[in-house]
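Note that the protein sequences, when read in sequence, are chains A and B.
Under our numbering, the first residue of the first sequence is numbered 1, with each subsequent residue one higher.
Under our numbering, the first residue of the second sequence is numbered 1, with each subsequent residue one higher.
Hints listed in this document are in silico derivations from the structure and should not be mistaken for laboratory results.
Among the hints, erroneous ones may be present.
Stated by the list, open to error - Dumping the calculated DSS-like pairs for lysine-lysine here, alpha-carbon to alpha-carbon at most 30 Å:
id: 1; chain 1: A; residue 1: Lys75; chain 2: B; residue 2: Lys260
id: 2; chain 1: B; residue 1: Lys8; chain 2: A; residue 2: Lys23
id: 3; chain 1: A; residue 1: Lys91; chain 2: B; residue 2: Lys244
id: 4; chain 1: B; residue 1: Lys250; chain 2: A; residue 2: Lys77
id: 5; chain 1: A; residue 1: Lys216; chain 2: B; residue 2: Lys244
id: 6; chain 1: B; residue 1: Lys149; chain 2: A; residue 2: Lys254
id: 7; chain 1: B; residue 1: Lys244; chain 2: A; residue 2: Lys77
id: 8; chain 1: B; residue 1: Lys244; chain 2: A; residue 2: Lys168
id: 9; chain 1: B; residue 1: Lys96; chain 2: A; residue 2: Lys2
id: 10; chain 1: A; residue 1: Lys254; chain 2: B; residue 2: Lys244
id: 11; chain 1: A; residue 1: Lys75; chain 2: B; residue 2: Lys96
Computed from a predicted structure; not experimentally measured.
Okay, here's what each chain looks like letter by letter:
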Amino acid sequence: MKELIHTYGEHRNLQGIASLPEKLDSKRPAVLLLNAGVVHKVGPFDFNVSFARLLSADDYLVFRFDLNGMGDSAKIKDGSLHNESVMNDIKATLSFLQSQYGIDQFVVIGLCTGADHAHKIACEDSRVIGNVWLDGYGYTTWKFTFLRLLPVLLNPKRLAFAIINRIKNRKQLIKKARGVNAYVWELPEKEKYLNDMQLLDKRGFKCLYIYSGGVKKYYNYKNQFNDSFKGQAFLKNIDVEYYPQFDHTYTILKDRQQMMARVNKWLNTYFS
Amino acid sequence: MHAFYFGKSEQPLYGVSHSPSGSNYHDKAILICNSVGHEYIRSHRALQQLAEKLSSLGYYVLRFDYRGVGDSSGQFNEVSVTEWLANIKLAAEELKAISGQQRINVIGLRLGATLALMSSEQCNFNQVIMWDPVVFGQQYLENLQRLHKEFLTDRMWFFSDRSENDTLENEFLCYQYAQAVVNELKDINLLETNVADYQLLNSINTEQGNSIELDEVLKNKLNDYDTKYINEACNWNQLEYIDKALTAIKVIDDICGLVK
Numbered sequence: 001m002k003e004l005i006h007t008y009g010e011h012r013n014l015q016g017i018a019s020l021p022e023k024l025d026s027k028r029p030a031v032l033l034l035n036a037g038v039v040h041k042v043g044p045f046d047f048n049v050s051f052a053r054l055l056s057a058d059d060y061l062v063f064r065f066d067l068n069g070m071g072d073s074a075k076i077k078d079g080s081l082h083n084e085s086v087m088n089d090i091k092a093t094l095s096f097l098q099s100q101y102g103i104d105q106f107v108v109i110g111l112c113t114g115a116d117h118a119h120k121i122a123c124e125d126s127r128v129i130g131n132v133w134l135d136g137y138g139y140t141t142w143k144f145t146f147l148r149l150l151p152v153l154l155n156p157k158r159l160a161f162a163i164i165n166r167i168k169n170r171k172q173l174i175k176k177a178r179g180v181n182a183y184v185w186e187l188p189e190k191e192k193y194l195n196d197m198q199l200l201d202k203r204g205f206k207c208l209y210i211y212s213g214g215v216k217k218y219y220n221y222k223n224q225f226n227d228s229f230k231g232q233a234f235l236k237n238i239d240v241e242y243y244p245q246f247d248h249t250y251t252i253l254k255d256r257q258q259m260m261a262r263v264n265k266w267l268n269t270y271f272s
Numbered sequence: 001m002h003a004f005y006f007g008k009s010e011q012p013l014y015g016v017s018h019s020p021s022g023s024n025y026h027d028k029a030i031l032i033c034n035s036v037g038h039e040y041i042r043s044h045r046a047l048q049q050l051a052e053k054l055s056s057l058g059y060y061v062l063r064f065d066y067r068g069v070g071d072s073s074g075q076f077n078e079v080s081v082t083e084w085l086a087n088i089k090l091a092a093e094e095l096k097a098i099s100g101q102q103r104i105n106v107i108g109l110r111l112g113a114t115l116a117l118m119s120s121e122q123c124n125f126n127q128v129i130m131w132d133p134v135v136f137g138q139q140y141l142e143n144l145q146r147l148h149k150e151f152l153t154d155r156m157w158f159f160s161d162r163s164e165n166d167t168l169e170n171e172f173l174c175y176q177y178a179q180a181v182v183n184e185l186k187d188i189n190l191l192e193t194n195v196a197d198y199q200l201l202n203s204i205n206t207e208q209g210n211s212i213e214l215d216e217v218l219k220n221k222l223n224d225y226d227t228k229y230i231n232e233a234c235n236w237n238q239l240e241y242i243d244k245a246l247t248a249i250k251v252i253d254d255i256c257g258l259v260k
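Only chain A is shown next, with the shape it has when bound in the complex (with noise of 0.2 Å):
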C-alpha cells in the first residue's frame, strides 16, 4: 500500500494524505475521510488511518486531509465564515482529487462534525454521490422517549433524583446550550434535513448512517431513523446499523474493525 502526502487549495496551505489502491480506477468513487472535532487528520485514536488502509487494501483510493487552520494544514484568514471555509475546503478537495486522479465521484465520511460536514457538502456537490454518517443527526420518537424515560419511571429514587437535578440543572443546561462553538454541530430543523433528503434522492444518494452508544441522549433504538421518516422515498436508499454497546469513537479495537467491516461491505455493495 502506497501513501501520498499532496499540499493543494488557493492559498496551498490544504494538507492532505492519500492512501492508495493497488490498481486505481477512476470509475470507482474515491472515499473522502473528514476531520472529526479538532482532532487532525489521523482521527481520533488514528480512527482516519486504520479507515483509510483498510479500504485502499480493498481497492479505493481514500484521502484524508486537515481542513484550514486544524491539523497540518496552515490557517488562512479570508474573512469566510467557519461553515464557508470549511465547504470551500472539502469542495477544493474535491476537486483536486478530481484533477490528480481523474476521479469524478465521492463518497464522504465523517464522525460527528465531520458526519455534518458529510451532510452539507453532499447537498452543495453533486460529485459527493454517497455519505457514512457516525453519530450524525438524528431525530428523537415516541418510542425513543419511552425507552429513556422507562428505567427513570420505574425506579422512584431515580425518579426523584432526576427532578430535582433537572431543576437544579436548568440554568446550566441554557447556559452550556448557547456556548455551542464551531466544533459542535446543531441538529437541522426536521423540515430542512426532510427537503434535503427529498433532493438528495432524486441523485440516487446513497447513506449508511451508524450510530453508536455514544449518543444515547439522541439515539437509542436500531429504527428510530426509520421511525422518524416513516413513508418517505429516500429511507429506501439509507441504510442504518445501530451498535449501542460501541462508544462514539469506536476505542476498542475489535468494535472498530466490526464497525469499518460494515462500511466496507456497504462500499462494495453499492460502489464496486
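Knowing the structure of chain A, use the given hints to seat chain B on it.
Just chain B now, kept in the frame of chain A:
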C-alpha cells in the same frame, strides 16, 4: 509548515518542517519528539503550536511521527522502542540536511522525552528539553493498564460494562502495544541512562514530583541541568482527559525561553 516523507522509501516516516521566520535566525535546529498512543493524539496540536512559536523565534523545526504512529507508515502493533530510537536518529539527520544546521536541540514530550534522552548521546544533541518525561517504563505501562481498565467500565464511554475479553492482548486505550514494546518499556529506567556531560538538559514537569529521582541523578551527573515545575495540569493519568486535546500555553512559553 511543510509535510513530507523521509527515511526508507518502503517505510517512510511522516515529518512536518517549520522554516524560521522573523529577523533572528538561529544556528541550531530543533527536533520535536512526540509521545505515542493516545498521548500522541492529545499532544499533536500543542506541539504544532510549539513548533510554530519556535519557528517565529528564528529556529528551523521538525516534528515527525515514529513508525507505526500517526501518519507514518507501519502498524502500531508491529514496531519496537528500538525502532523508535532509530527513527529519532534518522529524523535528526534529516533535520540537519534540510536546515543546513549541524547543532540540533531536541524537545520531547512524555515517552518522546524519554526516547530523546536515551538517544541524546548517540545523536550528539546540543540540548535536551524533557516535558513530563516517563522516568520508569514499568510505571508508565501500569498507568496505561489502569486507565484502560477504568475506561472499560466508565459510563462516559459505554452504555454497559465492557470486559478485558472484548479487547486484544496488550490493547491499551485503542492501541495494541507489540509484545516487544511492552518488554522494552518495562526495562526503561531513565536513572540509568547515559548522558554526555557537555549536554544541556532541562526537565519541565506539570505534575509535582514527576521526576524527583531523575533530578537527583542528573544534577549529580551534569553541570548544566535545570528542572522546574509549571502549574499547568496536563492530566496524563486521568481517564477524563484521554481524548482531550492538550492545552499548555504556559509550558510552551517556558520551553521557548529555555532553548539555548
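Comparing the hints with the structure gives:
1. With a C-alpha separation of about 29 Å, the suggested pair A:Lys75 and B:Lys260 falls inside the 30 Å cut-off, and the hint holds.
2. A hinted pair counts as satisfied when its Cα atoms are at most 30 Å apart, and B:Lys8 with A:Lys23 qualifies at roughly 23 Å.
3. Taken as a hint, the A:Lys91 and B:Lys244 pair is honoured in the structure, with Cα atoms around 29 Å apart against an allowance of 30 Å.
4. Among the hinted pairs, B:Lys250 with A:Lys77 is consistent with the structure: their alpha-carbon atoms are about 25 Å apart, no more than 30 Å.
5. In summary, the hint linking A:Lys216 to B:Lys244 is supported, as the alpha carbons are separated by about 21 Å, within the 30 Å threshold.
6. Note on B:Lys149 and A:Lys254: the hinted pairing holds, with a Cα-Cα distance of about 16 Å set against a maximum of 30 Å.
7. About 26 Å separates the Cα atoms of B:Lys244 and A:Lys77, which keeps this hinted pair within 30 Å; it holds.
8. For a cut-off of 30 Å, the pair hint linking B:Lys244 to A:Lys168 stands: about 27 Å separates their Cα positions.
9. A distance of roughly 27 Å separates the Cα atoms of B:Lys96 and A:Lys2; the hinted pair therefore holds under the 30 Å criterion.
10. Of the supplied pair hints, the one linking A:Lys254 and B:Lys244 holds, its CA atoms being roughly 23 Å apart against a limit of 30 Å.
11. The straight-line distance between the Cα atoms of A:Lys75 and B:Lys96 is roughly 27 Å, inside the 30 Å bound, and the hint therefore holds.
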